[in-house]
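Peer 1: Residue strings, one per chain:
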Amino acid sequence: MKRHHAVVRVTHWVNAIALTIMVGSGLRIFNAYPAFARRGETFCCYAFERRPMPASLTFGGWLAGARNWHFAMMWVLALNGLVYLGFIYLHGEWRDLVPRRGIARDAWEMVRFYLTVRKDHPRQGKHNALQRLAYFSMPIVGIVAVVTGIAIWKPVQLSPLTNLLGGYVWARYWHFLAMLALVALTLGHIFMVFTVDPYSIPSMITGKYREDLSPEARNARPFVHLLPTATAGAPPSLHSSSEASRDDVPPRL
Amino acid sequence: MTSPRDSDTQASWVRLAGQTHQAERLGIDRRRFLAASGGAFGALFLAACDSQGPRSAQAILKFAEEKNETVERALLSHTSMNVPRRSAKAAGERFPSYFVSRQVPVWDESARGPWRLEVGGMVAKPLQLSLADLGSLPRTGYRLDHFCVEGWTAVAVRTGVRLSDLARAAGADPKARYVDFQSFDDNYHESWDIESAMHPQTLIVYAQDGRYLNPAWGAPARVYSPVKLGYKNTKYLTKIMFMPERNGGYWSDRGYEWYGGV
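Chains as they are written, first to last, in my numbering: chain A, 1 to 253; chain B, 1 to 262.
Hints are computed from structural coordinates only; laboratory data are not their basis.
Mixed in with the good hints, there may be bad ones.
Once the Cα atoms are required to be at most 30 Å apart in a straight line, the calculated DSSO-like pairs of lysine-lysine come out as [to be verified]: (1) A:Lys-154 <-> B:Lys-175; (2) B:Lys-67 <-> A:Lys-154; (3) B:Lys-125 <-> A:Lys-154; (4) B:Lys-67 <-> B:Lys-175.
If we strip away everything but chain A, and leave its shape as in the complex, we get (with noise of 0.2 Å):
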């Protein structure tokens, strides 16, 4: 049984690197202007207006380029993203992504785990809380950045659209933010791999996944059992899979 659908690690990979572009190119456009204010006005709720970003995050040489990268990129993210969408409704794996009743209990449990207040790992299913939060945000998130990313393309010809979101100036200010939140989740979730499950990593290639590596029988969080200890490998004779017995397991900080 693989872990992850055909579809869904094609997607991601895709994903990953339309991403990556749409980031840097952005970065790039935004550079020829790194300010929100209208000619003549202040913004109010910009800290570094006229600052702009490090050239080394940006993606396309000039900004010709990286208008010509942002709108063929563009269609990838967007004609990706509904390819995935649609697959997780047909196929079900939604039902994994899903916040269920008690999600807030759960992600709190997690990080009174990973603040090593909770001891033992909670309980999950294939995705702790965090990570369903996280997996469920990121699609609305990216929803947000198309919408707000057609407002400010086609602010005249898509002008309800553009005026829905306050206008131009805040249509492209939301676009930013939303730019900042899917690199704010991308960037927990590709330390939360490499810190706490790179044995993943291959889940979302192959398919295949080791449950008995899983960051749940390992009783890891960041940094901590990370390698693989005897106890998670080891022959199921040598300690019962049984609820009552998890307290057998050596007890870990």
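Model the placement of chain B on the given structure of chain A, informed by the hints.
Peer 2: Okay, now just chain B, sitting in the frame of chain A:
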């Protein structure tokens, strides 16, 4: 952190199970793991290092630009009008000035004779219009947003003549699908699709904020339309040519999107 007692316990578990350490079996150690992840990040970072991307991608980008033009043309409607937000302040004197010549282009009457705007190409009656002639044609004014390709906007009142009115006056051929706007700002020009040129908010502007254009803003006349990005709106106009084919443009020939619709 694992307490000494824990590692002892774990070691005994390892012996009991008679197995090598999981990490060894998997061939993963911390160093290799860090090297691999570092390499992946490095590759991403290099790719993003302000480069223009692979040269082979240029054909794909060109293809995407053509497809985008199809979408943009389909979206263009003569009934969608730009109305700046009521709260937006006019840029006034802070409206940016822009030209490609080394100095502000000023029409030199003593050297070139009186300025005339030529309306030509595929027209029944070519026109040579002085500023006074333009002023005597039906006047249209709008308070409009200016959308610069760089991402800024500015509000100004633009007053002039609708290009569609000029086209009618000159008897433009319906077979002319493109319009080229030429200037005396070096060789600056930009050509447009006829549909954008005939939009009711596409004006041959001679006044901004109620005053005749000053040289910094494109005097004596310029084209202005909110349906096109700033760079498509040629200033310092000399000729408006109705054409059967597109004729590129100053920035369009240098890598910017030719259509440049808003």
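Peer 1: Which constraints among the numbered hints does this structure fail? Numbers only, ascending.
Peer 2: Hint 3 alone not satisfied by this model.
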